[in-house]
Amino acid sequence: MQDNQLMRQFKQAINQDDPDLLLACLTLAQGIAQPELDLVGTAARFNLLAEAAAARIDRQLGDVDQMQELCEFLFVDQGFQGEKEDYYDPLNSFLPILLDRKRGIPIALSALLLIIAEKLKIPAYGVGLPGHFIVGVNGPANAYHFDPFHGGRPVTFRECARMVEESTGYQGPFEPQWLQPVSTVAIITRMLENLRQIYLARREWGNSLRVIQHLRVVVPDRVDLWRDEAIAALQENDLSRAFYCLEQYLTLAPHATDATILRDKMVARLDEWVRLN
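Each residue of the sequence shown is one higher than the one before, counting from -2 in our numbering.
Keep in mind that the hints were calculated from the coordinates and are not lab data.
It is possible that some hints are incorrect.
Below are the DSBU-like pairs computed for lysine-lysine, each with C-alpha atoms no more than 35 Å apart in a straight line [stated by the list, open to error]:
1) Lys8 / Lys262
2) Lys8 / Lys81
3) Lys99 / Lys116
4) Lys81 / Lys116
Label-pair distances were calculated between CB atoms; the ranges are [said to hold, decoys possible]:
5) Thr248 / Asn135: 32 to 38 Å
6) Pro137 / Gln194: 35 to 41 Å
7) Val37 / Tyr85: 26 to 32 Å
8) Pro151 / Ala250: 41 to 47 Å
C-beta: ideal position from N, C-alpha, C; glycine also.
Given only the sequences and the hints, what does the whole structure look like? Please build it.
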């Protein structure tokens, strides 16, 4: 399937008033890492997983207790777990691969939990802590939080603060707004941002370009993405695209401190291309 068609499918999935998290995750994976992914067949696998969960859970319980049982089903019975040995493997971010390997990073495991919870009508929501991602459910009096990366265990306010400190080094006061629900678009944005950082660090320029293109769909006002796309395109020897992206970046950020460096890199690569051709 052509890249343009894959991008159109992702745009259609994300540009909804209330985007479907499963479809957004599947079209993201298809557009970046799995172009031959069978969307219908993969979605059916999630439906089967939800049906198995429904048979395991006591539906007469309250939302919090149902979520506890769902976590036990996914992270004990089914064996989904956090990937600790190769945390920065980009494949840990893609839900179809998570279904097969049963290992992933916090946001991917949280997305899995949210998708199955939604199919079971459990009103769960994502919580984007700095450096970590968990899932919340509102109880009769308080919100309860579960950590999919660590077996779906319940976590307290204090434990959330400790996780933030451990993952980021932050030692200031815990901000209560960090526990607020985040939208589907915010979840997809964070997934893509993780992938952008990983692929750029690994110097996988083609994958970097695909991720950046997807990011510009969900956060079109981010000026720095034009810079990153220019750099990745330059490394892929796509000079016309690199110069176009650089022009966009310098138009939107004319006083950027890295403008001169970027121009020099572009000119040097163009000179090299002229000599070789």
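Handout entry: C-beta pair Pro137, Gln194: status relative to the range 35 to 41 Å that was hinted
Key = The hinted range 35 to 41 Å holds for Pro137 and Gln194, with Cβ atoms some 40 Å apart.
Practice task
Compare the distance between the alpha carbons of Lys81 and Lys116 with 35 Å, and conclude whether the hinted pair is satisfied.
Solution key: Distance of about 28 Å is within 35 Å: holds.
Problem - Holds or violated: Lys8 to Lys81, with C-alpha atoms at most 35 Å apart - result: holds, 32 Å
Problem - Range agreement (Cβ of Ala250 with Cβ of Pro151, hint 41 to 47 Å) - result: The hinted range 41 to 47 Å holds for Pro151 and Ala250, with Cβ atoms some 44 Å apart.
Exercise for the section: Sort out whether Lys116 lies within 35 Å of Lys99, counting only the CA atoms. Expected result: Holds, because 19 Å separates the two Cα atoms, which is no more than 35 Å.
Handout entry: Range hint compliance [Cβ, Val37 to Tyr85, 26 to 32 Å]
Key = holds, 31 Å
Practice task
Assess, step by step, whether the Cα of Lys8 is no farther than 35 Å from the Cα of Lys262, and give holds or violated.
Solution key: Holds - the C-alpha atoms of Lys262 and Lys8 are around 32 Å apart, at most 35 Å.
Problem - Distance restraint hint 32 to 38 Å, applied to the beta-carbon atoms of Thr248 and Asn135 - result: violated, 45 Å
Hint compliance for this structure: hint 5 is the single one not met.
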